[in-house]
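Starting from the structure of chain A, add chains B and C where the hints point.
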Amino acid sequence: MTATTDLPLRRPSVLRARGVGTTLVLALLALALLGGLIVPGDPYAQSLTKALAGPEATAPLGYDHLGRSVFHRLIHALRLSPLIALAAVAMAGATGLILGTLAAARGGWVERALVILTDALLALPGLLLVLIVLAMVPGTALGFWVGLTLVLWIEFFRLARAATRETLASPAVQASQLLGFGPVYIFRTHIWPEIAPMMLTAAAFGTATAIMSIAALGFVHTGMRAPTPELGLMMVELLPYWREAPLALLSPVIATFALLLGLTLLAGSRET
Amino acid sequence: MNVLVSRLVQAVMVAVLIGTATFVMMRSLPGDAAWRIAAGRYGYDRVDAASADAVRAELGLDGPTLPALVQWLGDLARFDFGTSLVTGQPVIKEIVHQLGATVSLALAALLLSLLIGPPLGILAGLRPGGALDRALLVASTGLKAAPQFLIALVLIVLVAVQLRWLPAAGHGEPRHFILPALTLALGLSAVNARIARDAMARIADMPYWRFAQWKGLSERQTLLRHGLRGVSVPLVTYLGLQFVTLVEGVIIVESIFGWPGIGHALVHAIFSRDVPMVQGTALMLGLGFVLINAAIDLAVNRLDPRTAS
Amino acid sequence: MSLLKASNITVSQDGTPILEPVSLRLEAGEPLVILGETGSGKSLLAQAIMGTLPRDLAARGQVALGDHLLDAARPVGFRALWGRQIAVLPQEPWLSLDPLMRVQSQVTEAHRLVNGKPVAEARTQASADLDRLGLTGAGHRYPHELSGGMAQRVAIAAARAGGARIVIADEPTKGLDAARRDDVADLLLAELARGGGLLVITHDLALARRIGGQMIVLRKGQVVEEGPTAAVMAAPSQAYTRELIAADPENWKPRTKQAAGSAVLTATGLAAGRGGTRLFSDVSFDLSEGEILGVTGPSGCGKSTLGGVVLGLIDAADGVVNRADGLKATAFQKLYQDPVAAFPRHRTLARTLDDVARRHGQALGRIEELLPRLGLSPALLSRRPDAVSGGELQRLALLRLLLVRPSLIFADEPTSRLDPITQKQVIDLLCETARSEGCAIMLVSHDPALVSRTADKMLSLGTTAAKVDVTAPRVVGALR
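Chains as they are written, first to last, in numbering that gives the first Met the number 0: chain A, 0 to 271; chain B, 0 to 308; chain C, 0 to 479.
This is chain A alone, in the form it adopts within the complex (with noise of 0.2 Å):
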């Protein structure tokens, strides 16, 4: 009974998961970058009077309870955490596709101390590394940089391990060596299109990962100071206004599960 049931609903689907996602994204994105020039303003001028008050021209969102502009301070977090995300994840893909892939290749005692290695890695959980790193390293940013770069690595590295391994094994790496090809050529034409979309995938959800952390790290407030202003600090900042001033909580809390929604559905299905 060979007929193949293949879903007709699985593709699309997936395909049209990703364009919502890579439009909320960009949508974040011209938010943060261009919402200055559009209404222009400053994050940190303070002006009491004008505390927890609502809307108008120069502030669209309001402001908060020290009468900063919600609008300006969210437009900075937007680029804020964003930044710290892509620069840890820029950090440990390079990482860990390099060690990965030299790991899967090389084998050895090279590849069992660098499983061992990630394996401990893997029983902390990232915040607890992120907040030990946080409590040593000077300077809030490069903390989570570092720290984050730490936890993710791990990830690229068993994801080019696995696919590296399970590719050097298969019969048409085995042709391509005994066909008389090298190295170089068995990376570019076998395994780099086998990581290059899991790496994408990895990348988004690292991103999203790295977000959350900051965000949340922000929230307890252990990650980033005031009067930075920084996603999870503005909720936890807003949420004893939250009755007179709904709008200004309400900013931060869309904006940040919109940004993390469309990371995750940029990264595409994939078994959590």
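Since the hints were made in silico from the structure, they are not lab data. Don't be surprised by glycine CBs; every beta carbon is placed ideally from N, CA and C.
For each label pair, taking beta carbons as the anchor points, the in silico distance ranges come out as:
(1) C:H139 to A:A257: 55 to 65 Å
(2) C:G275 to A:G107: 13 to 23 Å
(3) A:E243 to B:L65: 53 to 63 Å
(4) B:R228 to C:R434: 50 to 60 Å
(5) C:S435 to A:A168: 29 to 39 Å
(6) B:G129 to A:A168: 33 to 43 Å
(7) B:R228 to A:A168: 26 to 36 Å
(8) B:V8 to C:A378: 49 to 59 Å
(9) A:G267 to C:G274: 35 to 45 Å
(10) A:G40 to B:T19: 39 to 49 Å
(11) B:A298 to A:P226: 43 to 53 Å
(12) B:T306 to C:S261: 48 to 58 Å
(13) C:N114 to B:R228: 18 to 28 Å
A few chain B residues facing chain A, derived, Cβ under 8 Å:
(14) V13
(15) K143
(16) A144
(17) V160
(18) V246
(19) I250
(20) I251
(21) I269
(22) F270
(23) A281
(24) L284
(25) G285
(26) V289
Frame of chain A; chains B and C shown alone:
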């Protein structure tokens, strides 16, 4: 057996990593670490230069790094975690106290998530592409994208502030469990619903599923006898990975809801640079992960005879 | 009265017919064989009769089963008959048993839940069933602890436990060695002898011959020929049936022996193992240009490992492989069982072939020159490996090897996934390659008939002892 050995290696590595990290943390602390440790041990009123010097000599804080590190890890190997720099209590005693609160919260969350996620996932997986499947996909994607603190925030605003049904923080009564446990459970069930759904859909597409029906079993009999056990294997396997999510969630959720557990203590310890407490709590979480995963390895071996051989 | 009568069964997808009207009768005690290649619609016919078609396919026609009259367009109505009237023996039974349940329970549950017997009686009955099929004591095992043949017998017991009289077997020899084929036929005939009917769907001519009874030959959704199996196979009246039967290795004309050229390789006293167990030892042979060495043996006997040793991919535990002097490093090549897995899957075939031609300093014109010789259309080159049929891709794999101008090709079951007619084309091309290119070939196959009619000499590896004989082909029977 092999599995247990590799888990043991993992546990030792975890301890070494945490030990080294906290050692570096200790060395990079601003101010006189020896003074602070001595103060932690003997109390701030009774600490003097002599006792600080004694601590400095004992821990080799001034000496070369390597012997000091060996000394530090040696203490760890003898399960000597030292005393809290803040309360002056032995770290072990503090942790045992907090562990109970954390474990009860985590178990409540896990149980709740297993009640929500897998049943929905199995129903969706039996009709891939159906209405329930699509609704569940949307819901779980949304929940997976939402970090725990965001879920907590929404629950607090809605249930505690707007509706005033439940307290936003506190500990001791059963109703205090509901919001933090639900926060953790929603995130977990988003994941295990997907796992159950994918496993069910895969099994329902297997030749042995069809063959069970060709033998004459009804839909229900097929599900009970040939579906549930198969779904449970990936669910249990993923529990190990979910444990990391759970621990991360515990760190955040305990801080938000003021839950007196290990996560809360860890955040506090890091905040106040209480290095022995950081080491103790981090070690507890890391080793807990290894222990749970070792148990899960064994459980999967029992559930799936193919992995045992 | 017939056990089962199906009238004017058709199957269509989105309104396009993919199976033209077929009618058949199944009589008690007389088997019915439906013979056809992949894509002939034989499985669709069986699925329409059982009510198990995938949802996007629509069937029409009528099925009469005892007193029941069923409409093929309403598959729901068939459900009540599964296990009780019709026992379906699935393809690849080792995948059809629940991997997490002991096999006896899988038989017991059918006695209990389908037949309604009490637990204790169901258990006794199940163990009696297993005893009868020669599986005494195997009931407590899990499916992955069974051999393919044992899994098949468990599946028969489980399928019939509900009391069904009609057995429908879909490709029962798929994935089994040639040696197992006759066991399967005997097993099915034994079930038939217990009363009831037997419907066998297969592409395997040897199985069809052994089952006998009546036969329907299908091709591209149409009935080509029907009649008593023995008569059809002895004197096919249609061109397609003739071609199909001629493609059976049993009916091939033995290849005429070629004059051997200079030596390519000498292997002396080879031994190798896998995972600590010795697979073979003391294997010696030599090969010359244009010579074909057939390698046979049951699955798991080390045929592929021997290839690895010869190609220099695996270190031999003992013995030496001597390449003739002056051969280049890439002189020994391999043809894979699954050609899709042997090509870079993200590139077009043209790019892959161009890379190989360039690497070996061949003019690109050589590809165009080889294409017609292998019966391939240049249009195929713009596709990716998974968009080409198995037979075409295997010929493209051969083309890729010819760009290297190899001295030896290790062909590892190159046709085991192909239909008989395509198989014959590929093997003929391999023989032609040996002759025209002066290339030595090691041809691995589990089918002794194929090897004995193709090879100049033969190497037979056994599972138990490392029995090796290098002789001229002998009669097939003597090889077992």
